[in-house]
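Student: As a plain string of letters, each chain reads:
There are 4 protein chains.
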Amino acid sequence: MRVGVLTGGGDCPGLNAAIRGIVRKGVEVHGFDFVGVRDGWRGALDGGIVPLDVPAVRGILPRGGTILGSSRTNPLASEDGVHRVRETLADFDVDALIAIGGEDTLGVAAALADEGIRVVGVPKTIDNDVAGTDSTFGFDTAVNIATEAIDRLHTTAESHTRTLVVEVMGRHAGWIALYSGIAGGANVILIPEQPFDVDQVCGWVENRFKIRYAPIVVVAEGAVPKEGQMVVKDSALDEFGHVRLSGVGEWLAREIADRTGKEARTTVLGHIQRGGTPSAFDRWLATRFGLRAVDAVKEREFGVMVALRGTDIVRVPLAEAAAGIRTVDPALYAEFGVFFG
Amino acid sequence: MRVGVLTGGGDCPGLNAAIRGIVRKGVEVHGFDFVGVRDGWRGALDGGIVPLDVPAVRGILPRGGTILGSSRTNPLASEDGVHRVRETLADFDVDALIAIGGEDTLGVAAALADEGIRVVGVPKTIDNDVAGTDSTFGFDTAVNIATEAIDRLHTTAESHTRTLVVEVMGRHAGWIALYSGIAGGANVILIPEQPFDVDQVCGWVENRFKIRYAPIVVVAEGAVPKEGQMVVKDSALDEFGHVRLSGVGEWLAREIADRTGKEARTTVLGHIQRGGTPSAFDRWLATRFGLRAVDAVKEREFGVMVALRGTDIVRVPLAEAAAGIRTVDPALYAEFGVFFG
Amino acid sequence: MRVGVLTGGGDCPGLNAAIRGIVRKGVEVHGFDFVGVRDGWRGALDGGIVPLDVPAVRGILPRGGTILGSSRTNPLASEDGVHRVRETLADFDVDALIAIGGEDTLGVAAALADEGIRVVGVPKTIDNDVAGTDSTFGFDTAVNIATEAIDRLHTTAESHTRTLVVEVMGRHAGWIALYSGIAGGANVILIPEQPFDVDQVCGWVENRFKIRYAPIVVVAEGAVPKEGQMVVKDSALDEFGHVRLSGVGEWLAREIADRTGKEARTTVLGHIQRGGTPSAFDRWLATRFGLRAVDAVKEREFGVMVALRGTDIVRVPLAEAAAGIRTVDPALYAEFGVFFG
Amino acid sequence: MRVGVLTGGGDCPGLNAAIRGIVRKGVEVHGFDFVGVRDGWRGALDGGIVPLDVPAVRGILPRGGTILGSSRTNPLASEDGVHRVRETLADFDVDALIAIGGEDTLGVAAALADEGIRVVGVPKTIDNDVAGTDSTFGFDTAVNIATEAIDRLHTTAESHTRTLVVEVMGRHAGWIALYSGIAGGANVILIPEQPFDVDQVCGWVENRFKIRYAPIVVVAEGAVPKEGQMVVKDSALDEFGHVRLSGVGEWLAREIADRTGKEARTTVLGHIQRGGTPSAFDRWLATRFGLRAVDAVKEREFGVMVALRGTDIVRVPLAEAAAGIRTVDPALYAEFGVFFG
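Residue numbers (the UniProt record's numbering), protein chains in the order written: chain P, 1 to 341; chain L, 1 to 341; chain G, 1 to 341; chain W, 1 to 341.
No lab work stands behind these hints, which were simulated from the structure alone.
Identical copies look the same in the list; a pair holds intra-copy or inter-copy alike.
The list that follows gives simulated cross-link-like pairs (lysine to aspartate or glutamate, EDC-like), each with its CA atoms no further than 20 Å apart:
id, residue 1, residue 2
1, 298, 335
2, 298, 53
3, 298, 28
The structure displayed is predicted, hence computed values, not measured ones.
Please model the entire structure based on the sequences and the hints provided.
Tutor: Shown next as structure tokens:
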């Protein structure tokens, strides 16, 4: 049996660990043959197929990124996409595909499975927002990096009586903000799931200054203020009257500085959250996912993805991951209210 | 309501995060009053009671160790232990107790609960072997430290064609060895749950050398060879014929060196596995455990401990934790056989 | 003898280590008495004097920031500044002052010394640009943080065929950019000392893509393109025709993307470069500086600062530090040209 | 010109960075051709010569260990050693050799240079004890690792009222012990250069307990007690009356426990001190050494090694490094006495 492996979407620590697990077990236990599909679905469209064997996966376990490359190409965006994927698989005698990715990549996988292509999914994303699994690899590493950054900012905040706003990743889900904010001892945590009240945020900041500690505000990139609160000042508009600030973090720091009369600074962590060596847990989870995904191929169970349920790895229909993202439950967010302000 | 908090057993990253969560929510939400019990159950026996309020828990979130001190004192070991604990609680008007600890500490808590003392448990241990919960805080930090050490040893192993044996913590359960061994890419992982065959271990080591990579062997301190195999050789004796090795790691390294004819070295990680700042996950889990434990007191649900079940925090009878430790399932261990040798 | 200690300017890992060294040796060896001056020169102006003794410095060695607070207040900016500093010292019976800071703080110290105030300087700055010393504490930590971030970005760059621009601190001197760029394996390093040629930078970036590796560009916040090259496009202007991009990093990424036709992203490391626990070397250097500064007070040698010369700690006139900053020698920069492109 | 590169002695973070610097500049600037000599001097004896070009050094900068392998083989130990080295060089048309190593490797290089072989040396060692240079790469990484371990042990020490003894590398020189001990806030630091008094050590430990802080003792593996003090007590004997302790750290912990009546534990850091990714400074220094070493070959200046002098890289005769090791000056050690006890 010849199996293709591809990694799609944003890169994420643990991808290489998953690839290694798949190839090691596939070759050594199940007797499979492997090829790599370059740059996510793009390779499946364009015939970007490369060799993939046990020597190719030696030493990659602790390395971030993906040896297969990635892209955000969506084969469903072009009319003949599915047809071309099918052709590529036929041309290279690929019997089944293991697709490692987030909601988008797995959504494509689900659609291809519906078309009869033999595919197994592996969920990954630093955002932790794939539905159907308790967690995804990449998330733990991202949270550790963000927490370490918040730890560092505490000392600057305390030495200078200023507010520090940290913008972390999370366009649609606030998992990184919530975990790193709680772990880092932030005084305010703002997530996309819950529009925030700027007055309340400033109140929390003022409270914090009263006990002589400087406030740290963690905000997910996708968080937004309540309707009507993002009144844009002249100085914050570009020549066409559009907001010219680059992100919610910068906007919020300006608001806080204006309202409290005390200096506020922003740090945007950006891509350092998704790079570098994976945490031990992410290597562990990615390895387990890889091993179980290749088992699913062996058992000819397609149209599924592997998922974490408690401490077990289970299989769920790909459709679950494609149905929408997993967001932070308001009740969970509310649990931490005691730390705000 | 006045609540006492104690930390017992070996220290563990996240203890302070749990204490902070308990005190912040207890004071600010439930209106409780707190005292600290010094040095685990010893303080409960001897009246070692100290003040504990919100200012006392400021800044402790990222700090390892425990501000309350710890010990392995067991009040059940002396005849009047339970009586003395009861007296201390009465003397200081303590209405309920939150006990943070591993199997031993929680076992004592279970016994005291049976005697009518109002106690809530919080599981902790770097060994991850408390029954009744999916995981305990401290474990993730320990695994990260061990994995980072294994990462470092790989480069030495590769540069010198030698076997490196790493002894990690785990007297009765192999969780740290298994997780860090898989995350670190070890070639052999030995756990207490499964007596190992020295011949097989040496075979794996030899295989590894054949592909020009140096072998890393991770061994839990409680792992043992199959019956009869720990025959002490002459070379493991001192000049008077006595065994002179300190742990299984050192014994195994010598065996491997003797049998393969290639140099082998041991590293014993020891206490660095349980110190220092907790990982983000351990701070998160400890904080959640703390918040929920104090809620249990508020709801007057005693004789229970908080526990992780999937992504939820639940309450389980203390008796569950006291019934025995959680060990590595042979089936889980077997999953990783593909990476051995 | 009563000695005041103050920390001025931006905060910097190692300040607490220096304070601890001063107080431990001053009290235990020289029999001095200490007070802390709050928030840099502001406390010297306004009577912000706090107790400072051996218990106050326990446990602060590994902590970033400064227990004394800091500010950029300059007493020379107001007419009666020197007079007020003198009064504060007299009011609190302070015989001598140890001022820890960068060029600005030490410049004030030099001026006060000229006015007869007994002051000893200790150089610190993450920028490494204080004249008269081989190095300052804080720099090594900042370089380690920036290098770790660059390490992380490599994996993202490689997985996605994009250029990553990293903006690091350094308004007037390129030390952090140069050290972290070399240590992190950057393909382009741009420093304030040498205006860069955008065409050349894009050429280097293109070269890098040719060998299938993604380029990393490290740019100091104070780096500027050659005259005339920062032609601002319409889309980069605000409503008054002014450049609206926030820093050179963002501007450069846009230029590179426009010219190469390939995606480019910016990461601005910002304040995480100056926070958190100091590296071992910074703790060592700060401790040595502290010990030697208090020796200078004992020997009544004022108007000097301690400095690193090779592996020795020496004393140099404060005027040396006040005379201007230490920048990167063009010859040193040129040494690394082989790694560009 | 064809240049051979070899790495000898214990492995050390930064070796790959040095190799990369040599090859990149040698090929791209000087037009040299390179070969690698496998496993230190062993390859020079046995014809272990491998290709070494620019693609071979891509991506190795952040990796510990050495891509060329290492050994402690000494060609001067066999009568025809020099002859065989000369033959290997002739067989493979190698015109000059760059030897990267510590005292032993550089001593061999000095002897070969005396025999007319064209050799340039690059000093490396985690022990920092090569004479003729202010510092060697590898040392900063080792100190950071040891300091981080000491940081972790503080929390355990404080939580349990016990003494923790940390044994670090340093057979003949106490640099790692001194730097990491000072950076980690140890209460006692023991180095090979100065035999220690066990009574004094125990006195310091007792002092520390009095102020309720637990003592950390850092001891270099080569440190020894004053003459006559290592009397082996009954408790240090096994049941047959024989010594059963493995190193000075373990011996000392037992002595302290016996004399103070309080628990004492040992941690032996071992090989994790020499592995893993190099610190930023070590990558910087190794890169600079590499660039300058290949310049020396270009300028046909042989029989020298590159060395750090202040912030400059200079050349010194290889004989300087071969003359003996650089140890800790008693005056420097005495400077830190204030922190002991």
